[in-house]
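K.L.:
For this one, chain A is given, so just place chains B, C and D on it according to the hints.
Number of protein chains: 4
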Amino acid sequence: MIFEKVKSEIIAHNSYFVGSGNQAAVIDPRRDIDVYLELEEKYNVKITHIFETHRNEDYVIGSLELSNTLGAEIYHGDKLDFSYGNGVKDGDKFEVGMLELEILETPGHTDESISITLKDKESSNEVYMVFTGDALFAGDVGRTDFGDKERMSGNLYDSIFNKLLPLGDGVIVCPAHGKGSLCGGAIGDLEFTTIGYEKKTNAALQVKNKKEFIEQRSKIKLEMPPYFKKMEILNKNGPPILHSLPHLKQLTIGELKEYQKKEAQIVDARMPTAFSGGHIPNSISIWRKGLPLFVGWMLNYEDPIIFITDLNRQLDEIVRYCIRLGYDNLLGVLAGGFSTWYKGAQEIGHVNTWTVHDLKKKYDESIFILDVREENKWEQEGHIEDAHNIWVGDLKQRLAEVPKDKHIVVYCDSGYKTSIAASILKMKGYEKVTNMLGGFMAWKKAGYPIEKE
Amino acid sequence: MIFEKVKSEIIAHNSYFVGSGNQAAVIDPRRDIDVYLELEEKYNVKITHIFETHRNEDYVIGSLELSNTLGAEIYHGDKLDFSYGNGVKDGDKFEVGMLELEILETPGHTDESISITLKDKESSNEVYMVFTGDALFAGDVGRTDFGDKERMSGNLYDSIFNKLLPLGDGVIVCPAHGKGSLCGGAIGDLEFTTIGYEKKTNAALQVKNKKEFIEQRSKIKLEMPPYFKKMEILNKNGPPILHSLPHLKQLTIGELKEYQKKEAQIVDARMPTAFSGGHIPNSISIWRKGLPLFVGWMLNYEDPIIFITDLNRQLDEIVRYCIRLGYDNLLGVLAGGFSTWYKGAQEIGHVNTWTVHDLKKKYDESIFILDVREENKWEQEGHIEDAHNIWVGDLKQRLAEVPKDKHIVVYCDSGYKTSIAASILKMKGYEKVTNMLGGFMAWKKAGYPIEKE
Amino acid sequence: MIFEKVKSEIIAHNSYFVGSGNQAAVIDPRRDIDVYLELEEKYNVKITHIFETHRNEDYVIGSLELSNTLGAEIYHGDKLDFSYGNGVKDGDKFEVGMLELEILETPGHTDESISITLKDKESSNEVYMVFTGDALFAGDVGRTDFGDKERMSGNLYDSIFNKLLPLGDGVIVCPAHGKGSLCGGAIGDLEFTTIGYEKKTNAALQVKNKKEFIEQRSKIKLEMPPYFKKMEILNKNGPPILHSLPHLKQLTIGELKEYQKKEAQIVDARMPTAFSGGHIPNSISIWRKGLPLFVGWMLNYEDPIIFITDLNRQLDEIVRYCIRLGYDNLLGVLAGGFSTWYKGAQEIGHVNTWTVHDLKKKYDESIFILDVREENKWEQEGHIEDAHNIWVGDLKQRLAEVPKDKHIVVYCDSGYKTSIAASILKMKGYEKVTNMLGGFMAWKKAGYPIEKE
Amino acid sequence: MIFEKVKSEIIAHNSYFVGSGNQAAVIDPRRDIDVYLELEEKYNVKITHIFETHRNEDYVIGSLELSNTLGAEIYHGDKLDFSYGNGVKDGDKFEVGMLELEILETPGHTDESISITLKDKESSNEVYMVFTGDALFAGDVGRTDFGDKERMSGNLYDSIFNKLLPLGDGVIVCPAHGKGSLCGGAIGDLEFTTIGYEKKTNAALQVKNKKEFIEQRSKIKLEMPPYFKKMEILNKNGPPILHSLPHLKQLTIGELKEYQKKEAQIVDARMPTAFSGGHIPNSISIWRKGLPLFVGWMLNYEDPIIFITDLNRQLDEIVRYCIRLGYDNLLGVLAGGFSTWYKGAQEIGHVNTWTVHDLKKKYDESIFILDVREENKWEQEGHIEDAHNIWVGDLKQRLAEVPKDKHIVVYCDSGYKTSIAASILKMKGYEKVTNMLGGFMAWKKAGYPIEKE
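Chains as they are written, first to last, in my numbering: chain A, 18 to 470; chain B, 18 to 470; chain C, 18 to 470; chain D, 18 to 470.
Fair warning: there could be bad hints in the mix.
No copy is singled out in the list; a pair is fine if it fits within one copy or between any two copies.
[What the hints assert, rightly or not] Here are the simulated PhoX-like pairs of lysine-lysine, each with C-alpha atoms no more than 20 Å apart in a straight line:
#1 K360 <-> K306
#2 K360 <-> K461
#3 K216 <-> K138
#4 K196 <-> K136
#5 K379 <-> K449
#6 K59 <-> K22
#7 K360 <-> K462
#8 K377 <-> K360
#9 K110 <-> K138
#10 K24 <-> K59
#11 K423 <-> K413
#12 K196 <-> K59
#13 K279 <-> K445
#14 K136 <-> K217
#15 K59 <-> K306
#16 K227 <-> K180
#17 K196 <-> K138
#18 K217 <-> K138
#19 K360 <-> K394
Worth flagging that the hints you see were computed from the coordinates, not collected in a lab.
Same shape as in the complex, but just chain A (with noise of 0.2 Å):
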């Protein structure tokens, strides 16, 4: 059998290609849909089938994109009305060349999740592999949040102990998420496992039953970036086609400043030091590797976006990032990068920055030490004495907590939220501001102390 696992990076959304004889499946495919092409030409195989194991909420899924490219047909859970595809329920079969497919409902995450089992027939009729979608994580299992916790909850006890476990140690697990992903918050970063690992490794199924496993989903809090709601919609009516990539044009600094007066938003893809170094005021600042984990937190989907990067290299990717949250309103790049910025005479702003080192010793009550990791590590990590926690993401409807008359450090994980951070305290008017490079991770290796609650 065919079998090839595509990885969207950092997102950590997984699809699958599988396939037998001259035919494919994909499970889950993502928005740009070039490599299932690819796939289906180096093969030499037909995809056929086309299965959504749930209607997603944290990335746009490509299936119309790929029906429309190829004509295969799309298949999902009946649980939900979808406005495109066929419903399926517990127990449809489908044949892919010699691989068999069987669709178990397992609810829990959304109402109309499913699972699919695989089997080769040409090797044995014994189930193979199960694709898990959102209910079965290495390390983790789907979060229950997104309707009533306790029956979302329960719901996926018994999809998970009763459906899936009860498959055999040795089916291998193939779950729609790896580490990183916000559908569940702990993750491993195993590219496969397997029924048998799970049992014994995966902390939430160390229950001793359905109602402590209730009780321990109840309290699992998860960020819920604003960017879901429409995820949501467009995964139920089906996104816009794209037909390819959109193109990034090539702007000039004059153009830029027009759109920036039009609100576009100005998005700084560079690294964080070379922000702090110097940036267009009022860009904000996300690291290229963190698109897509931000955007959705950061940008709307009206306004133009434009992008600062430093050669303009491999704006694919970050196309890319982009149209897969459902950003189809990208405009383009600053001509020349960054640097056309300042060789034009421009202003521009700066971020301090400090090592773990500078705050140990400079710190003061002129300063105020802001911590914009996610709520959950604040508590279990612990913190830095007299640090303030608003989680980066909430961080524009919590400015009222940041004195505009201190010295505002700001430290993360590592430092990269910490420049989004910084980057919106500059555009909201703060004058000193400063990156503490290395965030909580170098403060810990460097020693110094930690407090928890």
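P.N.:
Just chains B, C and D now, with coordinates in the frame of chain A:
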């Protein structure tokens, strides 16, 4: 200044990308425009101008496709009533960074043909280059048989002798076509040339006066493929926007046979030897690199097109070849390539292959020797005794000249066009058909006698 | 953790790249090591350990090449006296970031064979994966015929039943080979497997006891290509360092003929149909994708090797296929590909092609049907009546069995190995040779009678 | 004919690949020769000749590397006693397919300098192109200061006026360098030029007579980087063979610090803003695209070199830049890039950044303005009032001129060379160092006053 020549192989079409500062222009873009977008990104410039030297008849121009993505303006001669773009005339000037592009009307090939001179003001005020479209090539001049030959030839004489040559010997000439193009019969394969070099070496320019030039032009016989008509219409009205390259579907034997019943055009893109060794009955043989030259003679624009290759590798190349000629009716490939066919126990057709020595030895009156080269090659280079000349492009129309009851030995220059001809004969029911591999080239090399009228 | 499977196609060799933090290890590297250097760069890690599961006999291992570039240490079983690297034994442990790799001696395939278990301490203290080398495959076990079969088979039983299977059903199994490898006859094409899945489905494991296992193993007949001897020596002593892939020189017809006189080996890497349609006399036909499987049977390590292809594209692929098997005696290609040959008025050879229907219809006693499949296929799947079986690898040695005065119709599974056989017959002076395209596969599909002893 | 220009960016070196039939020649190959091997394969030709227009001093020539792989012969002027290759002299002719290459001795830049004319006999018997090495460039002529300036300049005059210009206006000129090269100060950025265009526009050719030419040449002051000496020796004796590109090892913080103790050279290849925002103390800042221009000024050939980048992407580019200049002492990179450093709680250095407006506003006597542009720019373009000029390449030698107790504000053309200078100052213990971003370019754009002697 930035200068890139973008060549479309085999149709031997040249487009040019020129830029300065943060700006660029494209001259005669092709329809698969990704290459220009990549250059834009590579050089960090914005394409602001698109020029068409004339309404082409040998390929579909990509101006609208490019303009649709970028918003750049299109310019072409104002002596034709285009459905899109802006008309320009003698003396119109355009600034692209420090470059100055100036229009020079140079009718002859077509009435609205323009050339464009380029000055790089950064280095001097002298003309540096001239984009001559189909007026002046390396080693030849544009064909003048798309209208009244005498009038067109006279115009071309004026354009070349009174406008282009006076630019000065040191001016670099950038023509719209290279060797192999159907837009001139004697185009050389020099990448670039100069006014000075052409004055000395271009045979078409070695004339006493306008009269002699017109006389010589009138004698030229060039093939006129049927698809030229289609190109003229598309390029006058603006072709359909593609957005992205069409995708070739993977087909099973059963699907292929179904489509074949419905008049699908099966194109075998393998090499002549492979076609000889076995092929799908009623497929037409056009080797991969011959597609740009012969799909326009052999295929229609309505019935779906299916390709047969060995391994279905680099299908993207095949798709580009076809859409450049306006063939958007591309359907798919046989999944698995040709071997799928014979593994499926299907019937196959054969074409014999002979060396030139075989023909020399075995020739007798049971054999009909068919020469499928261009008529002017037959005349100028001579031919094998007793051979009968029908240009491969005319074969379908002139089958009555080929006896059904003889063994047909076909040859061309080297054996490729012969494979096309052989496939036509097989489709039309000829039973014994042989490809004389090596063709006239090998025949000469072997020192065998040549007949010349 | 970082996990990448690096597959060498067709020889179906798997190597693995595993990492954690800023460190990585490679298991069974291949000789063209660029892929590992790219992974090192991609993941920003340093390869510190190289493991060899055993002294391979079917390909040249790249450990020394990789170590030479990186300085990483090499480890292999201490039961063989390798000329390089470090011996390891049961229970030896290695840390690679948070990974713990532990040696498990698993003799059977060879005496010094080891397996390596992997724990990812970041997720748990349980065994997550096991690299089983040639002990346990998906669907089969390692061959035990490189030494005393009974002893080896007994050892293998112990290794599998007492060491590997007890690791637990949920452990992921990463074997050194996939389907198509000569290291096991029944290896399946699953990308990964688990202890649990193999226990249920692997035919070799469905035995009552050690005795039955040994008996079954003893019955297995697997081909033993002549090049295995060379591999054993190279892999024990360490192969020559390449530094970079050899370059194939472009040769003229004249040069090729000179080399041919000096015993150069001419390999026609085109498809069987192309070889049939015309080829260079005295060349051996091995289609491109068949090179990894058949150069080891057909070519020697001394005389220079010249390849014939259609367009000399992707020569890099051909070079890799060969150096993985220790063929460093690569010389060049015919510049311009096969058409250069016939354009040069050279003599060509032919092989007829028939469909299965042709054989069915035309068979009479003037025909000798030669079946060149593996002996066990002949036995297990049956054959065409009156056919004579000689495995293509043995054909040169057993030519006396093939009558010179008959029309030899050759078949194999589908027509590829047949082309090799046909080329050997032509070289040896057989005049009428036919490749029955589609082979036994098409014969069955056509529903024609099959004979079985 | 086949014609490809192979450009090595930034050192602005041009090599040429010309071919005809199945043969090709390379003129002035670079040391990373893969590009020529790919062209050989692309065009299906055999490289038989390698020409060197002169013994270069600004990069390591790849002739031996290429010849070592291919066996092609090397040719260069016979007025220098090279340790390898064959001497040629005026009038020597070489056939490459239908091309005729003829040697024209054109001393001046060096004594053994040659030019090579090219005729394409397929199109005519006229000279089509001339490869002028470092004799004649687009917009400039070769520098004549590597020996006795007057004698060399006189020779160059004769070479250009008596040998090159008489070839005719229409001849295409292919020089060995483009804009940015240190081999001529005023080379323009035209991809190609012609004798005619140069006669009209090249400032160096607008002289009354030889005497004036010599006088003008004598006035030219060009930088002479220290690495030129090394290049001269390598290119006379033949540089070491590489076989393949060196591999950059991944290093931990600990390893980097160990190497730093042992005099390793740490090169920070990030952009100036990133370096400003934070860097490893005692590292030298040379932005990625500046490496080809400045490693030769800043690094030695003995101590190992370690690179710091953001993400360690495209390291291959960095390696090529360095080995082209003979830097084979490349060691590695910090695994994970610069962020590894601050996550590891290490100390960091800073450089302030100012806009031109900041300097204008804040300038007082506590500030020392350091201009690190080339001396001739300082003279020709003017400078900021009170600034002090030291060419960045001389800064280490002239530190005594820079006061230790002042705030040093450094500027160059735009801010890049400034970062190099700033990093040197920081290494030498200067505490307050500021990079005036945008440099003189922005200063002018802002309309601020310029001083000119």
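K.L.:
Starting from the hint list further up, note which numbers the structure goes against and sort them upward.
P.N.:
Failing hints: none at all.
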